[in-house]
Amino acid sequence: MNSDDWEIVIGLEVHAQLKTKSKLFSSSPNQFGSDPNSNVSFIDAGMPGMLPVMNSGCIEKAIKTGFALNFQINPYSVFERKNYFYADLPQGYQISQFEFPILTEGFIEIESENKLKKIRLERAHLEQDAGKSIHDIDPKYSFIDLNRVGTPLLEIVSYPDFNSADEVISYLTSLRQTLMYIDVCDGNMQEGSLRVDVNLSIKKPNAELGTRCEIKNMNSFKFIRQAIEYESKRQMKVLESGGKIDQNTLLFDTTTGETRPMRSKEFTHDYRYFPDPDLLPVHVSKDQIEKVKSTIGELPQQKLARYLSEFKLEKDVAKIIISEKSYAEFFENLISAKLIKPKLAAAWLIGDIFSFIKDKNLQIIDIVDKSSKIIQLLEMIERGTISSKVAKDILIEILQNNIEPGLLVKELGLEQVSDNNELGKIVEEALVGEEDNIEKFQSGSDRVLGYFVGKCLKATKGKGNPKVINDLLLKKLSK
Amino acid sequence: MPTIKELKSQLSSKNISVRELYDDYYDKAKNSKLNSFNHLLGPEYNKENIKNSQLRYDEGKDLSLDGIPLGIKDLFCTKGIPTTASSKILEKFIPEYESYVTQNLLNDGSLFLGKNNCDEFAMGSSNETSFFGPVINPWKNKNSLDSQLVPGGSSGGSASAVAEGICVASIGTDTGGSIRQPASLCGVVGLKPTFGSCSRWGVVAFASSLDQAGPITNSVEDAAYLLNSISAHDLNDSTCSNHKRDNFLESIGKSFDRPITIGIPSDYLKDINSDTVEQIENTKKHLAKLNINVIDVEFTTTDFALSTYYIIAPAEASSNLARYDGIRYGFRGDGNSLEEIYVNSRSEGFGEEVIRRILIGTYVLSAGYYDAYYRKAQKVRRLIKNDFQRIYNDVDFILTPTTPNEAFKIGEKLDPISMYMNDIFTVPTSLAGLPAISIPSGLSKNGLPLGVQLIGNYFQEKSLLQLASLLEKEFCFNE
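From first to last, the protein sequence lines are chains A and B. Read in order, the letters of the first sequence are residues 1 to 479 in this note's numbering. Read in order, the letters of the second sequence are residues 1 to 479 in this note's numbering.
Please keep in mind that the hints were generated in silico from the structure rather than gathered at the bench. Since we're looking at a predicted model, the values are computed, not measured. Treat each hint with caution, since some may be false.
Pulled a few chain A residues facing chain B out of the computed Cβ check, cut under 8 Å [what the hints assert, rightly or not]:
#	residue
1	F42
2	G49
3	L51
4	V53
5	R81
6	F85
7	A87
8	P90
9	Q91
10	Y93
11	D270
12	R272
13	F274
Okay, derived cross-link-like pairs now, DSS-like style, lysine-lysine, Cα gap no bigger than 27 Å in a straight line [as the list claims (entries may be wrong)]:
#	chain 1	residue 1	chain 2	residue 2
14	A	K82	B	K376
15	A	K293	A	K21
16	A	K82	B	K379
17	A	K319	A	K360
18	A	K293	A	K325
19	B	K140	B	K445
Using N, Cα and C, we set each Cβ at its ideal position, and we do this for glycine too.
The whole structure should be built from the sequences, with the hints applied where relevant.
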C-alpha cells in the first residue's frame with residue numbers, strides 16, 4: 001500500500017459553544033461545571049406549555065462570527081425543529097437552523113506547507129445543545145444531566161477542502177483563536193466548548209469524490225489527528241484490498257486509537273425538520289450588523305501583520321504571542337508606555353514569563369495584576385540598571401512573592417555595575433596568571449573571550465555589565 | 001343565567017357574599033351529572049382568595065372579575081392544581097407554574113371552580129376522546145329525549161358547564177374550532193381571539209401556530225369581561241402580539257357610528273341542512289333591522305381548508321407531544337430499555353385519536369413527503385389568508401354558520417372524517433389567524449341550539465364584540 005497514491009478529502013463540522021450568560025431559548029445560566037440538573041428551567045426540562053424565547057445575544061455572536069470568517073450574514077433566518085427521541089432531549093426535538101441558516105458562504109485562510117490556503121465555509125447556524133447521558137455510573141440505570149440542554153451552539157460547516165490532518169489542525173487552531181478573539185467562544189476543549197465532526201473520504205488524484213465516513217464528536221486536536229490518520233489508512237486498506245467503503249457514522253475510541261461504527265440506531269433518523277411555530281423568523285437589520293461590526297476589534301491575522309510591520313517581531317515569536325488573546329493583551333500592556341522595546345518585552349514574555357506560568361500551571365490571567373512590576377523590571381533591563389541574570393531572579397520574586405522590583409534591587413545592591421574604572425580593576429585582576437589563555441586569544445581563539453567574561457562576571461557576583469566587561473577585555477587583550 | 005355584571009352588582013350591594021356565591025356554584029357543579037369537570041376545587045381550597053375578594057368588595061375596591069367562579073379548560077397549567085389535558089399520560093401531573101392567561105384571571109380577582117373536561121390534548125370535536133370519559137350536553141333532542149348528546153369539542157366541558165350554569169364562564173382554547181363549535185352546540189357564546197392576542201405560555205400545546213385561548217360565556221358582554229383580562233402582551237410567548245389592547249366592554253350594546261357591511265360566503269352554504277340555512281336567513285333579517293348591509297361573497301379556498309388544517313395541526317402536534325415520553329413527568333409505561341419505556345408510555349398513555357394525529361403528523365413531515373404535504377399545506381394556508389384579505393376589501397365582517405349540524409348523540413360519529421367535518425366552518429378562520437365569535441342564533445327543528453359565526457379582521461375584537469352584542473339582543477327579542 002502506498003499512501004502517496006491516494007488523496008484524502010476532509011470536511012469539518014465544528015460545534016462552538018457560545019459564550020453567553022444564558023441559554024439560547026431560556027434564562028437559565030449557561031455555565032459549565034455546576035451540580036447536575038441545577039441549571040435547568042421549565043423550558044429546558046420540556047415541561048408542558050413552556051415556550052422558547054430567543055436570546056438576542058446569540059444573534060450578535062453569530063454576526064460577529066460572520067464578520068470574522070468572511071460569511072454572508074443573512075437578513076432572514078429560521079429556527080426549525082429537528083425531531084428525535086432521546087432521554088437527554090426533553091422537548092423531543094432540538095431547535096436548530098436548517099433551510100435558512102444565519103450565515104452562508106464564508107472562508108478562512110490557513111497555512112499549509114508554508115503557503116496560504118483558502119478553506120471555504122458552507123454555512124454556520126445556531127442551534128441548542130442537548131443534555132448529557134451518563135451510562136457508566138450504574139450497571140442498570142443511565143443518568144441524565146440536563147444542565148447542557150439549550151446551551152447555544154454555532155455549527156460551522158466547511159466544504160471538503162482539507163487534504164491532510166495538518167491542514168485540519170491548522171484550521172481548527174486558527175478557528176479557535178478567532179472565536180476566542182471575538183469573544184464568541186471560550187475555546188475550552190476539555191469542557192467541550194469546541195466539538196468536531198470529521199467527514200473523510202479518499203480518492204485517486206483526478207477521480208470523483210469517494211464514499212465518506214463521519215467521525216463524530218471529538219474535542220481534542222491530538223485525537224482528531226489520530227482519528228484522521230487511522231481512518232484514512234483504514235479506508236486505503238479497504239479499497240486496496242478490493243473492498244468498498246460503507247457510508248457510516250463512526251466514533252473514535254481514544255483507548256484503542258481506532259474508529260468504530262456507531263450502532264445504526266444511534267444515527268439513522270428522519271429528523272422531520274419543520275419551522276418552529278413557537279418562534280418568529282430572525283430578521284437581522286443592516287443597522288444591527290453595523291453596530292456589531294464596531295465591537296469586533298483586531299482579529300488574530302491582522303494583529304500578526306501589525307506585530308511584524310510595526311514591532312518588527314520575528315514571525316515565530318509574534319505567532320506565539322497572538323496565539324491567545326490574553327497573551328497579546330498582556331504583551332501590548334507591557335509596551336504601552338513605549339519605554340520598553342517590543343522585542344525585549346516579547347523575548348521576556350515567551351521566555352521566562354511563559355516558563356514560570358507553565359511550571360506553576362497558571363494562566364496568563366493569573367499574573368495580570370503583576371504587570372506594572374514586570375514593566376518596572378523590563379525598564380531597568382532596558383536602561384542597563386540591572387543585568388539579565390539578576391533580572392531573571394527578580395522576575396521570579398515578582399511573580400512568586402509580588403515584591404517591588406525597585407526596592408529589591410536597592411536593598412540587595414543588585415544594580416548593574418557599568419563603571420569603567422571599577423570594572424577595569426576587575427578585568428585586570430582576572431587576567432593575572434592567565435598568560436596561556438591570553439596567548440591563545442591572541443593567536444585567534446575567540447572562545448577564550450567568553451571564559452574571561454564569565455570569570456569577570458563571577459567576580460562581580462553577576463552585577464557587572466557584560467557588555468562593558470566585554471569591551472574592556474577586548475581593549476586590554478588587543479594591546 | 002346571571003351575567004358577570006349582574007353578579008358583581010349583587011356582590012357589591014351585599015345581596016350575596018363571595019363565599020355564598022362560590023358555594024352556590026360549587027354545589028351545583030358537585031351535583032352535576034354531565035362530567036364537565038375533571039377536577040373541582042372546594043371552597044376550602046379557595047378560602048384565601050374568597051376572603052381577599054370579599055375584603056375588596058367590602059372596601060369598594062373590587063377588581064374586574066372579583067369573586068366570579070370560573071371554569072378553566074384542563075389544558076391550562078394551573079400551579080398546584082392537577083393539569084391533565086384529559087390524558088392518561090398527564091393524569092397525575094401538577095404544574096409548578098401558572099399559565100399567563102390564568103394568572104391574569106387570578107390577578108383580576110376571579111375564583112377557579114375547577115378544571116373543565118375536554119378532548120384529550122384538545123383533539124376532538126365531541127369531547128369523546130377524553131381519558132376521563134365523555135362530557136354530556138345539557139340540551140336534549142326533543143324528539144329523542146332518552147339519548148345523551150355531545151357538547152362538541154374540544155372545549156366541551158367548558159361549554160357544557162356554562163350552558164348548565166354550574167360556572168359563570170369558562171376559558172377554553174380553540175385550534176380549529178374548539179371554542180366556537182361546542183359553544184354553538186351548547187347554545188352559549190364562544191370567542192376565539194386573533195392569533196397572538198392571548199399568550200400561549202403555560203397552555204399545553206396542541207398546534208402552536210393555531211392554538212388560542214378564549215372565553216366561553218353566557219353573553220357577549222361576559223366574553224368582553226374575560227377578554228379584557230386575558231388579552232395581554234407576554235414577552236414569554238414570541239408569537240404574542242404587542243399591539244395596544246382595547247377595552248372591549250366599551251362598545252358592548254352600542255350601535256355603529258359608521259356603515260357596516262357583512263359578507264356571507266355563498267360557498268359555505270352549499271349542501272348544508274335546512275336548519276343551518278335557516279339560521280343564516282334569520283340572521284340576515286336581524287341585520288337588516290340593524291341597518292347593516294349584507295352582501296354575498298365567495299371564497300376560492302374553502303374546499304382546501306379542512307385538508308390543510310389536518311396536515312398542519314397534526315404535524316405540529318406530532319412534535320409538540322414528543323415531550324410526553326414518560327421520562328421526567330407523567331405516566332410511565334414499563335420497559336427494560338429506553339425504547340421500551342418510550343413505546344409503552346406513549347402507547348398506553350395516549351388515546352386513539354391522539355395517536356392517530358401523531359401518526360398523521362409524523363407522516364406528513366417525513367423525508368420524501370414533506371414537500372407534498374407540509375410545505376404545500378403552508379402555501380395553501382397563505383392563500384387562505386390572502387383570500388380572507390381579498391374579501392375584507394369589501395366587507396367589515398363575515399357571517400357563516402358555526403357548525404354544519406346540531407349536537408349529535410354520544411357514540412354516533414365513529415369515523416374520524418365525519419367528525420372532522422364538524423369544523424368545516426371554523427377551520428378556515430383558524431388557519432388565517434382571524435378572530436371569530438359564535439353566538440346562539442336559534443333552535444333547530446329538534447329543539448337544539450345552533451349558532452352563527454361572525455369573523456372579524458385581525459385584532460378587530462372590539463367591533464366584533466360590538467356587532468355580536470347587537471345581534472345577541474336581536475336574537476333575544478325574537479325568542
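Here's how the hints hold up against the structure:
1. F42: The hint holds - F42(A) has a Cβ within 8 Å of chain B, the shortest such distance being about 6 Å.
2. G49: With a closest approach of 4 Å, the G49(A) hint holds.
3. L51: holds, 5 Å
4. V53: holds, 6 Å
5. R81: Check passed: Cβ of R81(A) comes within 5 Å of chain B, closer than 8 Å.
6. F85: holds, 6 Å
7. A87: Hint on A87(A): holds, closest Cβ of chain B at ~6 Å, below 8 Å.
8. P90: Interface hint status for P90(A): holds (6 Å vs cutoff 8 Å).
9. Q91: Because about 5 Å separates Q91(A) from the closest Cβ in chain B, which is inside the 8 Å limit, the hint holds.
10. Y93: holds, 6 Å
11. D270: holds, 5 Å
12. R272: With a minimum Cβ separation of about 4 Å from chain B (threshold 8 Å), the hint on R272(A) holds.
13. F274: Status holds, d = 6 Å.
14. K82(A) - K376(B): Judged against 27 Å, a Cα distance of about 20 Å means the pair holds.
15. K293(A) - K21(A): holds, 21 Å
16. K82(A) - K379(B): Judged against 27 Å, a Cα distance of about 21 Å means the pair holds.
17. K319(A) - K360(A): holds, 23 Å
18. K293(A) - K325(A): Given pair K293(A), K325(A) holds - Cα atoms ~18 Å apart, limit 27 Å.
19. K140(B) - K445(B): holds, 12 Å
Going down the numbered hints, you'll see the structure goes against none, and every one checks out.
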